[in-house]
Amino acid sequence: MATTEEMADEKMQDAHTPVSPLFGSCPIPIFEHRQIVLGHGSGGKLTADLIDKIFLPAFRNPVLDKLDDQAVVTIGGARLAFTTDSFVVTPIFFPGGDIGTLAVHGTVNDLAMSGARPLYLSAAFILEEGLAVDDLRRVVASMRAAAEEAGVQLVTGDTKVVDRGKGDQIFITTTGIGAIESGANISADRAQPGDAILLSGTIGDHGMAIMSQREGLEFEGAIESDCAPLHGLVAAMLAAPAPDGADFLHCLRDPTRGGVATTLNEIAKRAGVGMMLRERAIPVRESVKGACEVLGLDPLYVANEGKLLAIVRPEMANAVLGQMREHRLGRDAAIIGEVVAEHPGMVLMKTEIGGTRVLDVMFGEQLPRIC
Amino acid sequence: MKYLDEYRDGDVAGKIVAEMRRIQTRPWVLMEVCGGQTHSIVKNGLDQLLPEGVELVHGPGCPVCVTPLEMIDKAHAIARRRDVIFCSFGDMLRVPGSDGDLFTIKSEGGDVRVVYSPLDCVKIARANPARQIVFFAIGFETTAPANAMLAWRAREEQMANVSLLVSHVLVPPALEAILASPENRVQGFLGPGHVCAVMGYGEYVPISARHKVPIVVTGFEPLDILEGTLMTMRQLEEGRAAVENQYSRVLDRAGNLAAQKLVGKVFEVGDRKWRGIGTIPMSGYRLREEFARHDAERLFDVAEIATLEPEICISGEILRGIKKPHDCPAFGTLCSPQHPLGATMVSAEGACAAYYAYGRHLKPQGRDALHQIAGGTRPAAGGALWGDAGRA
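Chains as they are written, first to last, in our numbering: chain L, 1 to 371; chain H, 372 to 763.
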C-alpha cells in the first residue's frame, strides 16, 4: 500500500468546497461515490481521494506519511526499502511483455526509486478457475526471466483460486525488499526551486501498447511496452561524479498510472513547489503520438513501466543526464523542465506553439473525447 | 510527426500573429464554434498569442456539454436496467445526471461499455442476443453518419435488440440563435471544421449573408486556428462578410454526399433542447418513423423524466459567447470538473473545463481576463500567476 501514485497528497488544492445550501434541491452531481468506481484505481484524483479519506486516517504513521513509491525503514542499522504492488492488466500478454514481467519490474522499480538495490520479492497469485495452465506457465517463466535480469530472488509466495467470473484470468501481487547502501536521501518532498527535471526516455509506450492491443489497432511500427527494471539506471545516476558528496538526487519516481503529468503533480504538491516544463523537450515516439491522436488520449497521462523522472540539483543536471544517456534504458533521456518557487503545487508547461498551460492531475480514467 | 508537426510550428505561428498585428485597426470579438477548437486553443495557449483586442469567445459546439440533463437522466434510467448493455462514447461516462454518472451505474452493476464506433454495438448485439443493446447517439453533424449507420444496419439486419437514444444537435440553428440574440457580441465565426467535412459549408452562406458576418470554416490544429482567426479578421478589416474555407485539406463546399444521404434516410430534423440554452426550433435530429423499433426513447419508458438545472450556472451565456468562464462566481469553487454544475464544465471540450484544466493559472480580471493579462504574446508565466492554484 505504500506505493506512491496511490498516495498523492491532495491537501494543498482542490479541496472540494462543500455544496452551498443556495442550490437547495438543484441536481448537483455527486463526487462522493457510494461505490468504488473504476476511476478509483486509475492513479489520479479519485485514487488520491480514496487514500486521503480511507487509508491514511486508518494507518497514519511517519513512514507511510511520506507517501513515496516505497517505505524506507531502518532495521538494525540497515536502511531498507519495502514496497508492494498488485497487477491486474488486460490483456495479460501484450507486445513487449506480460503480466509476469510487469509484476517483477513494477515492484523492483518502486524499490529502485529510493536508490535501493532490490533483493527479495514475494508473489501472491489469484487465479481464475479456467485459466489455461500453459498461460500460467508462460507468465511464471517471464517472472523468472525478469527476476534474473533484475538480480532479485523470489523467496516466498501464495496461491488462491476463485470461481470463474470472480477474477480476470490472473491477478498478481508482489512485495519487495531492497537495501539502500549509498547515502542517497531520495523523497518527493525534497524537490527545491532551481532543481532540474529529468526524464529517462520516451513516454506513453506501455499504456499505448496495451491500448492498441485492447482496441485491436495496428500502427506503423508496432508499439511495445517499455517494461524494464530501472535499478541499474538509478545506480548509474547515483554514480555521477559529484564535487561535494552524493546528495544531488532529490526525487525519483517512475511515472506509471496517471503518467508523467500526474507524477509531477504529486511531487509538486508534496514539496510545495511549482514546475515549468517545456513540451518541446519531452520525448514521445512517433507511433505513440499517432496512437494517442487516433484514440484521443494525451501521452502525458499515459502509463510507463520502464521510465523514471528525476529531480536533480541544477549544477549536477548535465552530469546525471550524461550518465543516463550512457545507460541502455536512458538513451533518450532529456531535461524537460525546472522546479520553480512560483505557483506551488502546480505544474505548468510551455507549449510547442509558445503558450502556457496547466498540467493537471488525471481525474479518473482517461476518456477518449467525442470529436 | 508527419501531418501534425507542420500544424504546430511556433515560428509559423509567430508569422501569422505578426500579420494579425499588421492588419488590425480595432478590437474584434470572434467565436470558435467547436468544442474541439476550444480545447485546442486552451491546451496550446493560443489565446495568449493573439494580439490585444482580438478576443476568442467559445461557442456551443461541445456535444457533451449541450446534451440536456434530462437526456442524461434518461440514459441513466436505461443503463440501470439489468436487461440492457448501454454503449457510449467515452466522455459521456463522467457526465453527471441528477443522481451519479454512468461510472456509478457501472459500479452498481449496470453493464456500461465505452465504444469507439457505434458499429461496435452490432458485434455486441450478436454476442448478446438475449439483451438490449442501447447506444447513446449524441453529437453534432460530425457523429451523425456513424450513428445513422448503426440504425440503418439494425433495421436492415433486423436486429431487434439494437436501439439508439438520440440527442443530436445541429450547428446552423445554434449560430442563428446566437446572432439573433440582442446581447450578441460575436462579429465573426471560426466555423466547425469536422461538421462541415460531413455537411459541406453551403448552408452557412445564407447565415453569413443575412447577418453580414464572416464565417471561416476552420480546422483544429494550432496553426489552423490561428490562420482561421487571421482570415476572419481580414474579412472584418476589409468590411467583407463571406464564408471561407481554411480547412481545405479536409473538406469542400459539398461535404460528404454519401454521409449526408444516409443521415437524411435515418434522421429527420426536429426541435431540440440544448443544455444551458433551452429549446431551439428545428435544431436537432431524431429518428424517422421507419426506425421507431430502434428508438430507445420509445422502447423504454423514459418520456416523463424532466429535470431542473442549478440557477447560479451561467453556461447558457458562455455557450452564446456573452460571458466567459471567469465571469462565473462558481468557477473553480463550487463548480469544477469533479463537481460540474453545468454544461460547459462537464466535458473536456467545454469552455469552463478547458479553462479549468489548462488556463486557471491566468488571473481573471474582469470580462476578458486572459487578454488583459497575457497582453499579446507576453508569456503568461511572466508574473500573472495564481499563488494558490485552483481557487480562482
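Each hint should be verified, as a subset may be incorrect.
Quick list of in silico lysine to any residue cross-link-like pairs, SDA-like style, CA-CA up to 20 Å [as the list claims (entries may be wrong)]: (1) H/Lys373 to L/His33; (2) H/Lys477 to L/Gly165; (3) H/Lys373 to L/Arg280; (4) H/Lys494 to L/Glu215; (5) H/Lys477 to L/Arg280; (6) H/Lys373 to L/Ile282; (7) H/Lys373 to L/Leu295; (8) H/Lys373 to L/Gly165.
It should be emphasised that the hints constitute simulated quantities derived from the structure, not laboratory data.
Consistency of the hints with the structure:
1. A distance of roughly 43 Å separates the Cα atoms of H/Lys373 and L/His33; the hinted pair therefore is violated under the 20 Å criterion.
2. Among the hinted pairs, H/Lys477 with L/Gly165 is consistent with the structure: their alpha-carbon atoms are about 16 Å apart, no more than 20 Å.
3. The straight-line distance between the Cα atoms of H/Lys373 and L/Arg280 is roughly 16 Å, inside the 20 Å bound, and the hint therefore holds.
4. Proposed proximity of H/Lys494 and L/Glu215 is supported: the alpha carbons are some 14 Å apart, at most 20 Å.
5. Using a Cα cut-off of 20 Å, the hinted pair H/Lys477 and L/Arg280 is violated, with the two alpha carbons roughly 39 Å apart.
6. Distance check on the hinted pair: H/Lys373 and L/Ile282 sit about 17 Å apart at the alpha-carbon level, within 20 Å; holds.
7. Proximity of H/Lys373 to L/Leu295 is assessed by CA-CA distance (about 17 Å); at most 20 Å being required, the pair is judged to hold.
8. The straight-line distance between the Cα atoms of H/Lys373 and L/Gly165 is roughly 44 Å, outside the 20 Å bound, and the hint therefore fails.
When held up to the earlier numbered hints, the structure conflicts with 1, 5 and 8 and fits the remainder.
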